[in-house]
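Student: Taken in sequence, the protein lines are chains D and G. Those letters in the first sequence? Residues 1 to 424, by our numbering. Those letters in the second sequence? Residues 1 to 469, by our numbering.
If you're looking for bench data, these hints aren't it; they were derived computationally from the structure. Cβ coordinates follow ideal geometry from the N, Cα and C atoms, glycine included. Some hints here could point you the wrong way.
To be verified - Quick list of the computed label-pair ranges, beta carbon to beta carbon:
1) D:E186 to G:N163: 18 to 28 Å
2) D:S66 to G:S347: 50 to 60 Å
3) G:C385 to D:S50: 24 to 34 Å
4) D:S362 to G:R37: 14 to 24 Å
To be verified - Derived coverage of chain D by chain G (criterion: at least 3 residues anywhere in the stretch with Cβ under 8 Å from a Cβ of chain G; other residues may be distant):
5) 100-112
6) 285-291
Stated by the list, open to error - EDC-like cross-link-like pairs, simulated, lysine to aspartate or glutamate; straight-line CA separation at most 20 Å:
7) D:K346 to G:E129
8) G:K467 to D:D123
9) G:K193 to D:E355
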Amino acid sequence: MSVFFEPSDALPIVDLEIALPVGSLQDPAGQEGLAQLTGHLMRRGPRGLSQERFEDRLASLGARMSVEVSMRSTRVRATVLRRNLEPLLTLLADVVWRPALRGNDFSKLKRRAEAALTARLDDDQALGAVCFRQALFGEHPYGRTLSGHTDSLARISIQHAKEFYARNIARGAFLVGVSGHVSEAEVRSLVASHFPKVRRAGRNVSDVPATRARRGRHVVIVDKPERTQTQLIIGTLGARTRDRNLFPLLVSNTAFGGTFSGPLMQQVRGVRGWSYGAYSRLLHSTQRDAWYMSTAPAAEYSADCAALQLDLLERWVDGGTKQTELRFAQRYLINSHCFDRDTASKRLEARLDVELLDIPRSYVDKYDQLVGRVTRQEANNATRARISDKDLTIVVVATASEVATSFERLPGVKSVEIVPFDRN
Amino acid sequence: MGSSEGNRLDPNWPGNHALAFMGAPEVLIDRLNRGVRRRNARWTFVRDQAFGDALKLRRLRLGNGLTVLLLVDRSAPTVSYHTWFRVGSRNERPGKTGLAHLFEHLMFSETRNHPHGEFDRLMEGAGAEANAATWTDWTCYYENAPRDALPLLIELEADRMSNLVLRVPQVTSEKEVVANERKLRVDDDVEGKALEMLYDNAFRRHPYRWPTIGSMQDIRGFTVRDCQEFYRTHYAPGNATVVIAGDFNEQKALSHVQKHYGGLSASRAAKPPTPAKEPSQRGERVLQLTAPTPTEKLLIGYRAPSFSDPHTPALVIANEVLFGGTSSRLHRLFCLDQEVALSVRGSISPFIDPGLFEMWIFLREGKPKEDALALLDGEIDRLGCDGPSRRELDKAINQLELSFLHSMETAGGKAEQIGFYETVANDGAAVFDRLAAYRNVSADDVKRAVTKYLRRSRRTRVEILRKAS
């Protein structure tokens with residue numbers, strides 16, 4: 001049985017997690033959003049309990065439950081006051097083994113999912129993030145949104161959700177994680193009685209094709225009226241999880257844009273005051289995921305800010321990182337690593353990620369060594385090998401009439417596309 | 001403190017050994033004060049207070065007026081260092097709104113001992129997360145760091161409390177950052193804009209009426225002189241509380257604090273004037289905000305009591321019954337049964353003076369706001385008339401207890417609670433009293449609080465309407 005346990009007697013609470021190696025990458029083409037809808041439908045409660053009674057029982061226990069779907073995993077998480085652990089576990093097991101999956105709930109959920117898509121249009125940051133992934137990955141599954149879109153949601157029926165559940169969840173191939181104030185013996189006994197059918201989950205190494213970057217620099221303006229400020233994301237492909245360049249690139253990226261002291265933040269915010277935040281992020285997955293910089297400059301100097309970022313990017317890729325900057329980034333990563341494991345639930349999450357997402361165990365166990373032994377040459381070679389300053393996707397959420405001309409003039413731009421912010 | 005049913009920070013758990021590490025205070029103070037002549041640098045022990053069943057909050061004061069609260073908790077090898085100043089936007093005046101917040105940004109600038117940028121660089125090199133927050137009643141600076149970094153945190157925080165250097169280039173650049181932050185949080189954010197309208201209209205006299213981030217005109221207009229004057233007036237040991245929580249050696253920490261803060265002069269700050277009392281509201285105020293938003297929304301603010309008011313716990317329970325999670329009355333009604341809203345949420349402003357009970361209704365496309373308002377009014381009337389059921393009370397208390405425990409998971413979480421309660425309720429350990437107060441709330445208390453505070457004549461409503469494209 002795949003049970004993972006992280007004890008902590010610091011507080012009288014217990015966190016539980018059912019982690020499944022299935023996510024939005026398993027959505028059939030044209031039915032984007034199915035994994036998330038199914039997860040949320042399970043969350044509406046087990047057979048024999050109306051949703052109202054299920055929610056009421058959960059809250060009465062001093063418990064909360066959520067279902068979070070990502071590209072490669074589904075996590076059913078619950079947290080509860082220690083004294084109510086056993087009844088919560090019973091409810092959780094019922095949700096997983098005997099979900100009601102009612103048609104009425106499904107119809108409501110679909111209407112809610114559609115309403116959420118509409119409401120998301122208020123959030124410029126979220127709009128930018130979704131549009132960036134779509135523009136960067138195009139038709140590749142990494143470009144899909146977890147919550148689907150209006151057309152894809154319309155194609156999903158309750159039957160699809162039931163089949164998805166039967167195919168991916170009911171077989172019992174998942175991991176059970178428990179952290180908090182509970183003994184190992186108690187965990188084993190409780191899990192054995194509530195999850196007798198659990199089989200060891202396979203890792204999600206979904207057979208997705210390699211990602212490919214579009215050649216050249218391409219601008220997408222997400223046109224929204226009355227924007228005094230813009231959300232700017234500039235990025236390209238990053239790394240694979242099992243890429244030998246991953247740790248050198250992690251250190252190099254941290255030196256460039258991973259801290260407040262790095263050149264990206266200092267030049268954009270410290271010197272010019274152009275954006276409240278200025279960071280670069282490196283994502284990794286089975287195939288190369290994204291690397292990107294994000295800032296939020298005012299409309300009047302958004303293109304100037306983009307030009308500055310492009311210049312900084314070129315200098316980073318071509319000139320590399322200085323030894324002092326590299327050492328600083330290593331110190332920062334190693335010293336702050338204690339905050340990735342200062343609670344039992346964080347330690348549990350790291351272990352489940354290793355099991356579920358095909359992350360080498362050494363990335364967790366030997367993190368300090370892997371970071372600390374990166375040399376300057378390795379970091380700079382990795383940056384040049386993985387980060388392209390030529391093939392870039394530039395997404396800006398802005399009022400197009402205010403910024404289009406200035407973005408067309410950015411160096412090396414091959415195309416500028418304007419899309420309405422409320423385009424489905 | 002607390003009964004066995006409280007299930008709080010249990011003393012028998014092996015992780016909670018704090019008492020063993022906190023020696024007798026008189027001996028400790030004697031040792032620290034030995035040979036110290038400067039009055040400002042001499043420690044006074046004030047008291048130890050129980051912090052849950054197992055931990056102890058120790059309160060001391062330096063001769064210059066700095067209050068220091070210590071909570072030793074070795075459950076993780078980390079430490080959290082908070083500095084809470086009793087200054088926020090309530091201490092500003094019209095024409096100079098946003099100064100407390102701008103100043104918070106400037107505190108990361110250069111000092112006489114460290115050039116511009118070095119504060120962040122030293123912190124990050126040590127693996128520390130350093131940040132700050134400003135609100136109506138306070139400004140808080142905090143660091144979460146590996147335990148070995150504590151001496152550095154103490155040195156840097158003490159340094160910027162008295163040695164900050166304010167120059168034109170930094171003030172100019174930081175004003176631009178804040179202007180951008182305002183665009184992000186207010187000008188281009190429909191919720192931020194609506195909140196600003198709500199407080200501006202719900203209050204007529206009290207400084208809570210202006211936004212903590214300030215008006216764009218005021219932000220643009222600040223001078224170096226404004227900032228220097230603000231620093232002189234509000235940043236002094238007597239106006240601050242330092243909270244250290246986590247895995248640290250008490251004596252060494254106090255010795256470091258003494259060394260770095262002991263040379264600071266006693267408070268320069270004059271006691272700020274008491275803000276004007278807000279006249280009572282005698283009729284509903286309704287405003288409209290037209291914005292490029294896909295869906296309409298309602299934001300309602302009822303005049304609410306202060307954080308420390310004895311009625312507040314009952315109102316918090318009412319909020320939990322109405323808005324707390326997916327089993328709450330209004331979530332069920334609006335989001336599940338009637339499907340008129342995508343989400344609803346409520347909160348009571350945790351202010352020193354009376355604030356607002358804010359309620360948000362995020363309507364679904366095409367759902368009339370009038371219907372939503374009628375539903376809300378009906379449910380509030382029902383709660384005021386019948387009160388919550390016993391089951392609803394228990395549910396609310398369990399949920400509040402769970403939230404409370406989660407807020408205590410890390411050293412940073414504990415330090416934040418202590419600093420907030422110390423600054424707003426004058427007692428860093430009062431967070432446990434608050435939990436006990438929730439347990440003592442009866443259905444009648446909720447009825448009384450709802451009837452007294454959730455009156456239509458005492459509310460301000462912002463209707464957020466869709467601008468036609």
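Student: Residue count check for the segment 285-291 of chain D against chain G: does it reach three with CB-CB under 8 Å?
Tutor: violated (count 0)
Student: For the pair we were handed, K467 (chain G) and D123 (chain D), check the Cα-Cα distance against 20 Å.
Tutor: Answer holds: K467 (chain G) to D123 (chain D) is near 16 Å, not above 20 Å.
Student: With respect to the beta-carbon atoms only, verify the hint that S66 (chain D) and S347 (chain G) lie 50 to 60 Å apart.
Tutor: 20 Å, violated
Student: Given the hint of 24 to 34 Å, is the C-beta distance from C385 (chain G) to S50 (chain D) inside that range or not?
Tutor: 26 Å, holds
Student: Does the Cβ pair E186 (chain D), N163 (chain G) satisfy 18 to 28 Å?
Tutor: The hinted range 18 to 28 Å is violated for E186 (chain D) and N163 (chain G), with Cβ atoms some 54 Å apart.
Student: Three residues minimum, CB to CB under 8 Å: does the segment 100-112 of chain D make the cut for coverage by chain G? Let me know.
Tutor: holds (count 3)
Student: A range of 14 to 24 Å was offered for this pair. Does it hold for the Cβ distance of S362 (chain D) and R37 (chain G)?
Tutor: 56 Å, violated
Student: Does E355 (chain D) lie within 20 Å of K193 (chain G) when you go C-alpha to C-alpha?
Tutor: Outside the cut-off at roughly 45 Å; violated.
Student: For the pair supplied as a hint, K346 (chain D) and E129 (chain G), is the alpha-carbon distance within the 20 Å limit?
Tutor: 17 Å, holds
When the structure is compared with the earlier hints, violations turn up for hints 1, 2, 4, 6 and 9 and for no others.
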